[in-house]
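Enquirer: Sequence:
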Amino acid sequence: MSFSKAPIFALIFSLTVTTAFGADEKINFEDHIKPIFRTKCFSCHNTNKMTADLDLSNYTAMMQGGGSGAVIEPGAPDDSYLFMVINHDSEPYMPPNSDKIADDMIQTVRKWIEAGAPETSSSKVMLPKKPKVNLSVNVSAGARPEGPAPLPDVLGLEPVVHTSATTAVSAIATSPWAKLVAVAGQKQVVLYSSETLQPLGVLPFPEGQARVLKFSRNGALLLAGGGHGASKGLAVVWDIRTGERIMQVGDELDEVLAADISADQSLIALGGPGKVVRVYNTATNELAYEITKHTDWIYGLEFSPDSVLLATADRAGGLHVWESFTGREYLTLTGHKGAINAVSWRIDSNVLASASEDVTIKLWEMEQGKNIKSWNGHGGGTLSVEFCRDGRVVSSGRDKVAKIWDQNGKQLLAYEAFSDLAVQVSHCDETDRVIAGDWTGEVRVWTAADGKRVGNLTTNPPTLEVRLQQAEGQIAPLTAKLAEARTAFDAASAAKAAHVATIEKAKQAHAVAVKTVADQQAALKASQAQLAASQKTQTETQARLAALQKAVPQLKNAAEKAATVSGMMQDDAELKKAVAELQAQVTQRTAELEQTTAAAEKVTAEVAIITKAIAATTEQVAASTKQVEAQQANVDKQVAALKPFDDKLAAAQSVVNSAQDTINKATADVQRWQQYIALRDELKLLREKRAAKEQVELASLEAKAMLEEKQALVAKADADVKAKAQAIAESQQKVAALTAEVVASEKTIAIVTQSVGQHEQALPILKAAVEQVKAVSGMLPADADVKNSAAALEKSAAAKVADLANLKTQLADVTAKMAAAKAEMATMTTQIAAVQKEMAAQMEMQTKLTAEVAPIQEQATAAQAKLTAAEAELQKAQALVDARKDQLRPQLQITQAAAN
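Reading the sequence shown from the start, the letters are residues -22 to -1, 1 to 878 in mature numbering (1 follows the signal peptide of the UniProt record, and there is no 0).
Be aware that one or more of the hints could be misleading.
Said to hold, decoys possible - Here are the computed lysine-lysine pairs in the DSS-like style, where the Cα-Cα straight-line distance is at most 25 Å:
no. : residue 1 : residue 2
1   : Lys752    : Lys765
2   : Lys773    : Lys752
3   : Lys388    : Lys430
Stated by the list, open to error - Here are the in silico distance ranges between beta carbons for each label pair:
no. : residue 1 : residue 2 : range
4   : Val254    : Glu8      : 19 to 25 Å
5   : Met546    : Thr582    : 41 to 47 Å
6   : Asp31     : Glu222    : 25 to 31 Å
7   : Val432    : Gln842    : 53 to 59 Å
I should point out that these hints are in silico values taken from the structure, not numbers from a laboratory. Just so it is clear, CB atoms sit at the ideal spot from N, CA and C, and this is done for glycine as well.
Taking the hints into account, I'd like the entire structure generated from these sequences.
Expert: What follows is the structure, given as structure tokens:
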């Protein structure tokens, strides 16, 4: 039999091991992280020695970060710079010149950051920061980006501040591909359409004054650098479309005076009174490198349009060009005798322009760094310079004038002088307009070609209420003006109507005259037809009359002669009949002659009457025709006289239309400002709801974390209890097995002990018998049987002696093993009792933790319900903002359409 102690002790040991942290203990800075940093980091990162401006000995200082920005991203260890360097995921590896710190320390730091990086065990967890935005883009220097140019959507127009007076214009920038201009004001940047000059948005810059503005090369982003003098400096980036601030880099001890974002949007450079140019990686917000060569304040810097180079300039006249991705020096450009106030790249990245207090503007080529052009720009000093897209150069200076040049230094135009120093200038390539500002805060806009001023912009826009009051104040006088215009229009309309009535009356008279002529001509025509018919009848009647006048006498003569003959020949009946017929003919023809004579007289009279009537009608037609002509002349005269009335009415209508358009615009402005005031209030509500939601979300996350932590503790306690119960059961089974083995050993010992006793009793007798047989064999030496018996008996005695020794050895072994088993049983029994006690404590803890889960679950449920309600409120607020923007967007799109 054999008994293995190692597994049993390992099993018992596994039941008594405790975790590094207590069941209710939360990893925090003071209790767990600070001791690690004390042993590994404090020697270089403490209050008195802050290597890389980082102090890890103080929680607040640590969370503020160092020269590379924030080092802890609560909730995201893989994005936390501090964790990356101690885990050797990013250089410089920490601690320097040493191996990685222990894995358990690294895991502790990881778990602490994952938990929200709390300061103490009672600290609330911090919400993870928003995911970083990948700003990098592919860019081709000078190429217009695909798609429509980025323009602001509906943005708030309420100024952050409005002051009674303005200060010097600190920065102006124009979009490279849109009709959009940005001007810096106090704690804000104002966006305008460079064509309509209407405000398009106000971007808050609560950190102070923006000293530099730069659009990204694709026009989608706007960068501002500035801050408070001798206090704080930084650079921020906005998305032009949404107005959302998407990035912030830098934590300078003085305001930023120069900044830019590379064309591929992977780098942001900034500089100022600290004499150091710092370049940040936009993907990580980490410091990429520093440039420390400058000996005076950094006044200007700009990335080349192809992102390859970075030009920097200072107050001492230092001008350098660097490889933008490595920070290695590329060229030093020597030539200026005074402070260099601004630099600007030509769009092909081959030529750099610089403007200096030594009054000159210089152009530099990038192959050997030679000065290829230099001219005196502004008396007293040149303060600002910018390359236009077509290669022209705009500048401004202490002579109070903004100017535009060709690349040979030929002045193309000087714009009207300001009342003070012309400190800023920019050129809008999309509208070919020059925008400049002076020391008093005035901002003017001119057409670049002819210098005509098209308007002004302001860095200090009025509040929306003031805009609304101004718009409403215009309504009454405009309404009165419209009423006057309408009165004048009504008078002109009435005058025209009266004259039109005169024309109509003349036309009616003309129509009557025309009708009279027509009627007379119709009557004349009818009379002429009647005359022709009468004349025909007259001719026919007179011809018949003439024939009758000639025939009747002859017929009478013939009848008389025939009657004479018939009288002579009364017996001739035929003759008598012929005479009778002839006399009848005479009578008939005589009557006809009388009738025809009367008819001829009548028709002759009719012809005379008709002829006279025709003559009279002909005279009337002639007279009426003259009347028609006179009436037509009158109509023509009156129609000709209508034009002045038309002109006057058209002029009056134009005045009415203009007045109506003006009042419509004023009314639209009133509605617009009312809408923007509503949008402002709704945006404020949205911010409040978002903040409330984030606060509730924080509480919900904390409650959820507490619940999950407590549930994990309950699960662990449950697992521990089950593990201990299983271990106890296994140990009890082992004790039972050991007990059975002890009982078996006791039986074996009894049997062996009995056998030993038997052997010890039998051996002396057996040995005596051997001696006796050996004695007999000596007595009978020749007796072989006796001799063999003696040998056999002696062998048996020796075997029994060996058996006795073996039995004693076996008895000793079994006794020792039984004693060991009993000792092991006693130890295990003691340990089982201890584990049972621990299990009882664990069960008590399990019961306690389980009881604690319910109220925490209630808290988590309540917090989730509040979060759901807060999210619903946030959605409602967002819906209000979206609806308001939908109402404003058509008007904005009209403005942007005009601007593009």
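Enquirer: May I ask you to test the hint 53 to 59 Å on the CB atoms belonging to Val432 and Gln842?
Expert: Once the Cβ atoms are compared, 57 Å apart, the range 53 to 59 Å for Gln842 and Val432 holds.
Enquirer: Check whether the Cα positions of Lys388 and Lys430 lie no farther apart than 25 Å.
Expert: 20 Å, holds
Enquirer: Hinted pair, alpha-carbon criterion (25 Å max): Lys773, Lys752. Please report holds or violated.
Expert: 12 Å, holds
Enquirer: Honestly, do Met546 and Thr582 meet the 41 to 47 Å range at C-beta?
Expert: 44 Å, holds
Enquirer: Regarding Asp31 and Glu222, is the given constraint of 25 to 31 Å on their beta-carbon distance met?
Expert: 29 Å, holds
Enquirer: Is the straight-line distance between the alpha-carbon of Lys752 and that of Lys765 25 Å or less?
Expert: 7 Å, holds
Enquirer: Please check whether Val254 and Glu8 have a Cβ separation lying inside 19 to 25 Å.
Expert: Check failed, 34 Å falls outside 19 to 25 Å.
Consistency note: the structure conflicts with earlier hint 4 alone.
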